[in-house]
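Asks: Sequence:
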Amino acid sequence: MITVGLTGGIGSGKTTVAKMFEALGVPVYIADHEAKRLMHTSQVIRKKLIKLFGEKAYLNNELNRPLLAEAIFNDRKLLQQMNAIVHPKVKAHFIKWKAKQKAPYVISEVAIVFENDTYKNYDYIITVTAPEQERISGVIARDHSTKEKVQAIINNQWKDAEKVKLSDYVISNTNMESTKKQVLQLHNLLLKNATSD
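Residue 1 is where the sequence shown starts when you use the numbering used here, and the numbers rise one by one after that.
Any given hint might turn out to be false.
[Claimed, not checked] Here are the simulated lysine-lysine pairs, DSS-like style, with alpha carbons at most 30 Å apart:
(1) Lys180 x Lys77
(2) Lys165 x Lys180
(3) Lys47 x Lys19
(4) Lys165 x Lys56
(5) Lys77 x Lys100
(6) Lys180 x Lys192
(7) Lys47 x Lys149
(8) Lys48 x Lys77
(9) Lys48 x Lys36
(10) Lys165 x Lys77
(11) Lys77 x Lys89
Simulated from the structure, these hints should not be mistaken for laboratory data.
Computed from a predicted model, the values in this text were never measured in an experiment.
Given the sequences, and given the hints that come with them, work out the whole structure.
Replies: Spelled out as structure tokens, the structure:
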């Protein structure tokens, strides 16, 4: 079974692309959803996040997202420390999830693979790209965020050009029809690769 990493900068449309693969019958693992779930349910993660961010990391038994977002906003080291707590647990969960799938290939939709060197864990990497201005306006509308905050997240991620160099495939997400066609072509190619392995 082939493992495909699906990545892209914030607002690039990787979740939209993931849903298109899912519609074609491909099992898709959304790493961000799992990370959020584990930050709520894992006592080990909870203790470590409280140690890193202080007692206010959780309020009324819920993860204090605004506090964490504010703390890591311009602090790359803190972001890396948080990822070092959460990512290994997500990886372990993904391995268990993958073992239960019955498909020629699976997709893991993950925001960061190049920045933390985990792209080597996948057989193939697909990077979704989109024009930066469209990404910014899309995220502002989706998350009710500010341009400054979205730009800070973009600045913390690798540039598309750097990601593309290390990717096996690129989906240029500029309009829905074109994106669907690219997904279908890639799906057929990955099915072929999976059966020839």
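Asks: Each hint: holds or not?
Replies: Here is what the structure says about each hint:
Only pairs whose Cα atoms come within 30 Å are accepted, and Lys180 paired with Lys77 is rejected, the gap being roughly 37 Å. Distance restraint check for Lys165 and Lys180: the Cα-Cα separation of roughly 23 Å lies within the 30 Å cut-off, and the hinted pair is therefore satisfied. Restraint check for Lys47 and Lys19: the C-alpha separation of about 34 Å exceeds 30 Å, so the hint is violated. Among the hinted pairs, Lys165 with Lys56 is inconsistent with the structure: their alpha-carbon atoms are about 41 Å apart, more than 30 Å.
Distance check on the hinted pair: Lys77 and Lys100 sit about 35 Å apart at the alpha-carbon level, beyond 30 Å; violated. Restraint check for Lys180 and Lys192: satisfied, since their Cα atoms lie roughly 19 Å apart, inside the 30 Å limit. Proposed proximity of Lys47 and Lys149 is supported: the alpha carbons are some 27 Å apart, at most 30 Å. Among the hinted pairs, Lys48 with Lys77 is consistent with the structure: their alpha-carbon atoms are about 15 Å apart, no more than 30 Å.
With a C-alpha separation of about 15 Å, the suggested pairing of Lys48 with Lys36 holds against the 30 Å cut-off. Restraint check: the Cα-Cα separation between Lys165 and Lys77 comes to about 25 Å, which is no more than 30 Å; the hinted pair holds. Taking the CA atoms of Lys77 and Lys89, the gap is near 19 Å; set against the 30 Å cutoff, the hint holds.
Hint compliance for this structure: hints 1, 3, 4, 5 are not met, and every other hint is.
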